[in-house]
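**Q** Chain Z is fixed; fit chains C, D, H, A, B, X and G onto it per the hints.
8 protein chains.
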Amino acid sequence: MLRVYLSGEIHTSWREEIIEACDGLDIAFDAPVTDHAASDDCGVAILGAEPNKFWHDRKGAMVNAIRTRKGIEEADVVVVRFGEKYKQWNAAFDAGVASALGKSLIVLQQPDHDHALKEVDAAALAVARTPAEVAQILRYVLTGKLPA
Amino acid sequence: MLRVYLSGEIHTSWREEIIEACDGLDIAFDAPVTDHAASDDCGVAILGAEPNKFWHDRKGAMVNAIRTRKGIEEADVVVVRFGEKYKQWNAAFDAGVASALGKSLIVLQQPDHDHALKEVDAAALAVARTPAEVAQILRYVLTGKLPA
Amino acid sequence: MLRVYLSGEIHTSWREEIIEACDGLDIAFDAPVTDHAASDDCGVAILGAEPNKFWHDRKGAMVNAIRTRKGIEEADVVVVRFGEKYKQWNAAFDAGVASALGKSLIVLQQPDHDHALKEVDAAALAVARTPAEVAQILRYVLTGKLPA
Amino acid sequence: MLRVYLSGEIHTSWREEIIEACDGLDIAFDAPVTDHAASDDCGVAILGAEPNKFWHDRKGAMVNAIRTRKGIEEADVVVVRFGEKYKQWNAAFDAGVASALGKSLIVLQQPDHDHALKEVDAAALAVARTPAEVAQILRYVLTGKLPA
Amino acid sequence: MLRVYLSGEIHTSWREEIIEACDGLDIAFDAPVTDHAASDDCGVAILGAEPNKFWHDRKGAMVNAIRTRKGIEEADVVVVRFGEKYKQWNAAFDAGVASALGKSLIVLQQPDHDHALKEVDAAALAVARTPAEVAQILRYVLTGKLPA
Amino acid sequence: MLRVYLSGEIHTSWREEIIEACDGLDIAFDAPVTDHAASDDCGVAILGAEPNKFWHDRKGAMVNAIRTRKGIEEADVVVVRFGEKYKQWNAAFDAGVASALGKSLIVLQQPDHDHALKEVDAAALAVARTPAEVAQILRYVLTGKLPA
Amino acid sequence: MLRVYLSGEIHTSWREEIIEACDGLDIAFDAPVTDHAASDDCGVAILGAEPNKFWHDRKGAMVNAIRTRKGIEEADVVVVRFGEKYKQWNAAFDAGVASALGKSLIVLQQPDHDHALKEVDAAALAVARTPAEVAQILRYVLTGKLPA
Amino acid sequence: MLRVYLSGEIHTSWREEIIEACDGLDIAFDAPVTDHAASDDCGVAILGAEPNKFWHDRKGAMVNAIRTRKGIEEADVVVVRFGEKYKQWNAAFDAGVASALGKSLIVLQQPDHDHALKEVDAAALAVARTPAEVAQILRYVLTGKLPA
Chain Z
68 MLRVYLSGEI
78 HTSWREEIIE
88 ACDGLDIAFD
98 APVTDHAASD
108 DCGVAILGAE
118 PNKFWHDRKG
128 AMVNAIRTRK
138 GIEEADVVVV
148 RFGEKYKQWN
158 AAFDAGVASA
168 LGKSLIVLQQ
178 PDHDHALKEV
188 DAAALAVART
198 PAEVAQILRY
208 VLTGKLPA
Chain C
68 MLRVYLSGEI
78 HTSWREEIIE
88 ACDGLDIAFD
98 APVTDHAASD
108 DCGVAILGAE
118 PNKFWHDRKG
128 AMVNAIRTRK
138 GIEEADVVVV
148 RFGEKYKQWN
158 AAFDAGVASA
168 LGKSLIVLQQ
178 PDHDHALKEV
188 DAAALAVART
198 PAEVAQILRY
208 VLTGKLPA
Chain D
68 MLRVYLSGEI
78 HTSWREEIIE
88 ACDGLDIAFD
98 APVTDHAASD
108 DCGVAILGAE
118 PNKFWHDRKG
128 AMVNAIRTRK
138 GIEEADVVVV
148 RFGEKYKQWN
158 AAFDAGVASA
168 LGKSLIVLQQ
178 PDHDHALKEV
188 DAAALAVART
198 PAEVAQILRY
208 VLTGKLPA
Chain H
68 MLRVYLSGEI
78 HTSWREEIIE
88 ACDGLDIAFD
98 APVTDHAASD
108 DCGVAILGAE
118 PNKFWHDRKG
128 AMVNAIRTRK
138 GIEEADVVVV
148 RFGEKYKQWN
158 AAFDAGVASA
168 LGKSLIVLQQ
178 PDHDHALKEV
188 DAAALAVART
198 PAEVAQILRY
208 VLTGKLPA
Chain A
68 MLRVYLSGEI
78 HTSWREEIIE
88 ACDGLDIAFD
98 APVTDHAASD
108 DCGVAILGAE
118 PNKFWHDRKG
128 AMVNAIRTRK
138 GIEEADVVVV
148 RFGEKYKQWN
158 AAFDAGVASA
168 LGKSLIVLQQ
178 PDHDHALKEV
188 DAAALAVART
198 PAEVAQILRY
208 VLTGKLPA
Chain B
68 MLRVYLSGEI
78 HTSWREEIIE
88 ACDGLDIAFD
98 APVTDHAASD
108 DCGVAILGAE
118 PNKFWHDRKG
128 AMVNAIRTRK
138 GIEEADVVVV
148 RFGEKYKQWN
158 AAFDAGVASA
168 LGKSLIVLQQ
178 PDHDHALKEV
188 DAAALAVART
198 PAEVAQILRY
208 VLTGKLPA
Chain X
68 MLRVYLSGEI
78 HTSWREEIIE
88 ACDGLDIAFD
98 APVTDHAASD
108 DCGVAILGAE
118 PNKFWHDRKG
128 AMVNAIRTRK
138 GIEEADVVVV
148 RFGEKYKQWN
158 AAFDAGVASA
168 LGKSLIVLQQ
178 PDHDHALKEV
188 DAAALAVART
198 PAEVAQILRY
208 VLTGKLPA
Chain G
68 MLRVYLSGEI
78 HTSWREEIIE
88 ACDGLDIAFD
98 APVTDHAASD
108 DCGVAILGAE
118 PNKFWHDRKG
128 AMVNAIRTRK
138 GIEEADVVVV
148 RFGEKYKQWN
158 AAFDAGVASA
168 LGKSLIVLQQ
178 PDHDHALKEV
188 DAAALAVART
198 PAEVAQILRY
208 VLTGKLPA
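Protein chains in written order, with our numbering: chain Z, 68 to 215; chain C, 68 to 215; chain D, 68 to 215; chain H, 68 to 215; chain A, 68 to 215; chain B, 68 to 215; chain X, 68 to 215; chain G, 68 to 215.
So that you can see chain Z by itself, here it is in the shape it has in the complex (with noise of 0.2 Å):
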């Protein structure tokens, strides 16, 4: 079984069409919690609220890293999807830990993204453009088969 964890943007549907495109494989996939106003609230949803944004994101942020950690070291591969929108440094943070752990690393972007990646992408096994090409290569590397 091949463990996938896919890491960032949350506002597109490209991890369902990941999932989809893999039907039949022997792959679990874990991802973040990617309701953006539970992950933003849940610190204070659950542990009391708290005056001062700074410290609001913080106690999010703490919980929502339970999860994250946990499907980042047990995975065997990490997607790393940079949309187009937004500064994404939690995608990059996690494309970091993913790489000190050693982790197959895959980063999904677009080419005018690629100068500002280039160090994100140089750690990684493969620059994706597209989920169907995230998806061929979990086909390929399980099964030795190419897209026809």
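There may be inaccurate statements among the hints.
[As the list claims (entries may be wrong)] Some chain H residues judged to face chain G by a derived CB distance under 8 Å, without partners named: (1) Ala193; (2) Glu200; (3) Tyr207; (4) Val208; (5) Pro214.
[Claimed, not checked] Far from chain B, some chain C residues (derived; all Cβ distances over 10 Å): (6) Arg70; (7) Glu76; (8) Gly91; (9) Ser106; (10) Thr210.
Rather than coming from a laboratory, the hints here were simulated on the basis of the structure. Please read these numbers as outputs of a predicted model, since none were measured by experiment. Ideal Cβ positions, reconstructed from N, Cα and C, are used throughout, including at glycine.
**A** Relative to the frame of chain Z, chains C, D, H, A, B, X and G by itself:
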């Protein structure tokens, strides 16, 4: 001796400010190559030109990784500076590497980036706003003395 | 599956409350032996009496360590509960072990211990006040759902 | 050279007694910041005040962790002193970290704490009652000479 | 599930006694090949004869190491039995490997060997005198129940 | 269960012979993609053509590394087969990786390569001449039974 | 200081060329024994003759491993040179070891070996064609200066 | 510099012979305390008498472990000498620790112990018969020079 790696933004004098403010302390500072042009072109300048910009960048990023990996792996403290501009994904990537390797992480950034950096900050032992604060932390860590 | 080790105070029903509140989740809970008398006497009961209480205690603590080491090493999340009474140094010791092994640490304690526990809390991803909060964290980590 | 980290109680002169009694030996001693006020306030003194005492403490504990982590990680021997008063959970936490990192642990404590410390003691290679005994152990370890 | 590796003496039925006394417990036992002749000759029987006894032995010891390494590395608990006869250096070697890998070590030996085994015993969490004691420890570790 | 990775030469049926001869044993075999053309072209077939053969090869080698890394890291035993032809540097590279990761290494090669492979052989627990010998080793390791 | 291990081909002066071109840099170079006869015979010359060439080679390879293991484990950068002739499996093996240990790998080889070395190259941070290029990389890594 | 730990038999002058024969080489030698009486009694001499010989021995063995652990962990090469007499289980235990930590192991023993030591020898890179042979290996490893 404390080994401190100064990662991130390369267009202002924050590294020099920290180093100067730590005068007299037993610290060995390290950093990436901060000559932007050399850093971008080192791969092709040494190993031969690439017509494709993607591989041009890759060659350079890999050569730079020889230096940055060693710098982070040997550091006790990794300071990562996020500036006002650019994507700075390499800075967030370095923070992820430092975190996964168990380094003490200090993030240097302005409050308007707090929300975007919340996952990175949550992995840090300090979030500083000025180079002077970073230097005061390093001085306290080594001497136990607080700023007057 | 999430593996959760429940360390610390053994005189109240906090473990049962967490486990019950996590009903339906894919969690494997583990814990030390919570039978106080058995835990104190296991060494001499099996391996022979010791006239010196120091070695009586040592024998028991070493036998218990076979269980607690495995429990902590195999856990994804270590919850450490500090109660109102006793020194509870073994709880703080377990927290230190968990932290050094990179486990996600949740501390369960009351506010009057905040200052005394500040170093332990600083190594934790969450400081909870009730077993219900711990369960809500675990539920969110696994399902992404916040309490209503 | 032997690197020895002296963790725990900060209100008596036990560190100085050990260091003095080790005069002439090739030992590098390290310790946390033992100025109680500075240790409590270092976070807010450098990084800005916090109205909430919980985060005041957290900021300080995280800055102190930069020093204590390095001290323990670089040590060959970690001596943890439990005094007569206070909860001292940070001392037990340090002992847990030291144990998990495979450091040689020496506990310095009085017999009335033997039962409460039995799990910590069980992870130690020596339980000493006086600073002089700790120094004699260090002298023996380095020179093979026993006290006359 | 507890994984227990039973190392050492191969001429008595101590393994069977432990396994039988652990009936009903969730334990996976492993052990080296205990057929003395097969163990001695496996190298040359499969890979070809050696005129020099030194290499005859080496070939066999290396093939056996494939099994023993895996057994010890995957174990939670390593029980090492020292019998009344022979040098049994392989048993002490296995104990050293287990100790360096952080396994919970139980030594099974008679009191007349206490002094000769003091360094090995000092790395163990229990020194048992009978297979029944080992089984009682394993039962207590898994169930918290002491022998009646 | 024993996990065995079969690395190296891909033009003969040695893998099938070993697997067949291990029929009935609790072994999970893994291997690289052995379809030569797919293995050579997987990078460009999925991620886009490269005019430069060097990067064509690089892209493929990196995609294949996702599979081979996982295969070697999860293996208990790595068998590396050196055939009669070709440089087979990837086989020797895999042997180096396996050795550094502490895997049990079995080399399968003919005597005329003994001198050239002496450093690789010296890191192995067995040097076999035929697939049947490898299978006999695996059978002995799991069952303790020698070939009749 | 940068520690560089120079592995591989021993019949040309590539090591001397790199070392000379790095004059003035803070680099400690290490390498295997490059006296071919001594390297082949060290085992039997010291530990006694072996009638069987296989064990003759084994004895020597194991003695040489004492040096090469230390050299690679302590290196920051491992340069592996593949020459025009011979199997050079020990060079590829060293590259595998270096890669698994997370060392920065530089491969020095000619283009006609590109395809055969593609898996080794894919684990490297640079593929150089001349000793001068290797030296330029090392100079850039340490000083940030590119060749004029 | 090569760090060499000399473990095992303490009743002959083998350590001195090796050290003397390595005169002029850049080697740092370390060893356990070789004063038999001090080694046996160090625990009780410093930490107080024990009426039970088992705990008398335990206390001493644990204090000695502070030195031996450090010695082995910091060594590049561990030489383990088995003499003609005694059980010497501590020597075999040290060999196991050294092997599990990936140290280069040299065993020094006479042929009549070959069969009993076959598992230990199989983990070693050299089996030497005399201190002179050990010194010749160390000299070759450092200088590449064979004995005349």
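**Q** Indicate, hint by hint, whether the structure satisfies it.
**A** Tested hints:
| no. | hint | verdict |
| --- | --- | --- |
| 1 | Ala193 | 6 Å, holds |
| 2 | Glu200 | 6 Å, holds |
| 3 | Tyr207 | 5 Å, holds |
| 4 | Val208 | 5 Å, holds |
| 5 | Pro214 | 7 Å, holds |
| 6 | Arg70 | 26 Å, holds |
| 7 | Glu76 | 30 Å, holds |
| 8 | Gly91 | 42 Å, holds |
| 9 | Ser106 | 22 Å, holds |
| 10 | Thr210 | 41 Å, holds |
Going through the hint list in order, the structure satisfies each hint without exception.
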